[in-house]
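K.L.:
The residues making up each chain are set out below.
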Amino acid sequence: MNHFSEDALIEYHYGESTAKDEIAHHLRECSDCARSYAAIVRDLAEISAPATPVRDAEYGGQVWDSIRGSLRAYPEKPKAWWTSLLPSQQWKGFAAAAACLLVIVAAFFAGRFWEQSKKSGNPTVANNGGRERVVLLVVGDHLERSERLLVELKHADAATEAPLQQEARELLADNRLYRESVKQGGDLTLVSALDHLERVLIEVSNEPAGLSQARLDDLQNEMNTDGLLFEVRVLRSRVRGDVERKERGPLQTKGVSI
Amino acid sequence: MEQNDHQIVREVLAGDKDAYGALVGRYLQNVFRVAFRITGDEADADEVVQEAFMRGYQGLERFESRANFGTWIYRIAVNCALNHVGRRKAGTNLQIAEDADPAQQQVQLADTAAGPERHLLSREIEALQETAMSKLTATERTAFVLRHMEERTTTEIAEALEIAPNAAKQAVFRAVQKLRRSLAPLRVTQ
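Protein chains in written order, with my numbering: chain H, 1 to 258; chain D, 1 to 190.
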């Protein structure tokens, strides 16, 4: 019998498990898992939200007064001079007519453009290829920087802590952007690695206590940073290969590509 | 008649700064509650409230007309609180650690009699809970508060923290595991 992990049971407790029915059924059958689940429920029930201090009706005014002085009013947007030449009702009618005309013209040109693109093949494929190449190039650089950070993390001591956290913060912002781009391209392996990398970067950059040796050891164990380093190296070499292939252009081969 | 949020936002963007005061009043309690739960400190929560509404005002041009202002300012507040906890030096809230003697806690929890002792005990449990929470990283703490106390979904947590849903889920898992480990001595005699 396959037992469910603590994570799966926690997820089930919060009502977000994708295997709800399966877990519910298993908990009826397996006394070990049922005991573990009961312990999780009991422990989490003990952790209650602290009572929020009461703020009276004047608090809103106080907060507003405290920030009002430092806020600059947005500049008033002046009305276009020519709108004042038209009476308002007439202006509304004119705007509606102009909008209709615009839609008709846009539909006409869209039709023509579609006809042309059908005749001249599909140029967007080439554009997408170029975009993918750019994404791969920047992701390749990003992986290289991440690899350096992971190696530094592996050999870090107290003296290297501050620059490491700064570097992690910068990489984190880039990583989010690249993950989204890669996700759109559908490369799930790369998305998953960037996801793992993001979790490590979050921990490193947000570590309030700084990076003590004990915390670094914890990170190594909890986040499997060695495994991630290996993953990043493999992906970096694969991305480099992809970029080179895209630079050479598609191969002219017969048969079905695999 | 009460103006809706979008009308107020339009007025503010058209130069009426004071109109923003109505939005502050409307969402203040929600923002304060989540700020307090994440920071665990009243004064810090007040600071977060001010910072969140200031950042909200400054970024009002980026607020999309289709979005909900309440959700938007809530996310800003979560981010401000997360940064606040991240900046806070480690150990600031650990002064009660000396009291956290597992042996004593076990004896105390076994006593279920009502009265002043019981009251004192529940305060101690709260204090131990706060100590355990302070051992979490800023991300873990925020993700846990949003999941467990604010009852937000993983998707909402990920959006508020600007991380991937899987990263949000993992942060909650790690937080729960660490809290269970930290509070384990309390359960021994139950």
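Think of the hints as simulated: they come from the structure by calculation, not from any bench.
Note that the structure is a prediction, hence the values are computed from the model and not measured.
Each residue gets a CB set at the ideal place from its N, CA and C atoms; glycine is no exception.
A couple of the hints might just be wrong.
[To be verified] Residues on chain D that point at chain H, a partial pick, calculated with CB under 8 Å:
id, residue
1, I8
2, R10
3, G15
4, Q29
5, Q50
6, E126
7, L128
8, T131
9, A138
10, E162
11, R181
12, L183
13, P185
[As the list claims (entries may be wrong)] From chain H, some residues computed to sit far from chain D (all C-beta separations above 10 Å):
id, residue
14, L71
15, Y74
16, C100
17, A106
18, F109
19, E152
20, A214
[Stated by the list, open to error] Covered stretches of chain H (in silico footprint by chain D; criterion: 3 or more residues with CB under 8 Å from a CB of chain D, positions within the stretch not fixed):
id, region
21, 4-15
22, 30-38
23, 52-62
K.L.:
When the structure is checked against the list of hints, which entries are broken? Sort them ascending.
P.N.:
Of the numbered hints, 1, 2, 7, 8, 11, 13, 14, 15, 22 do not hold.
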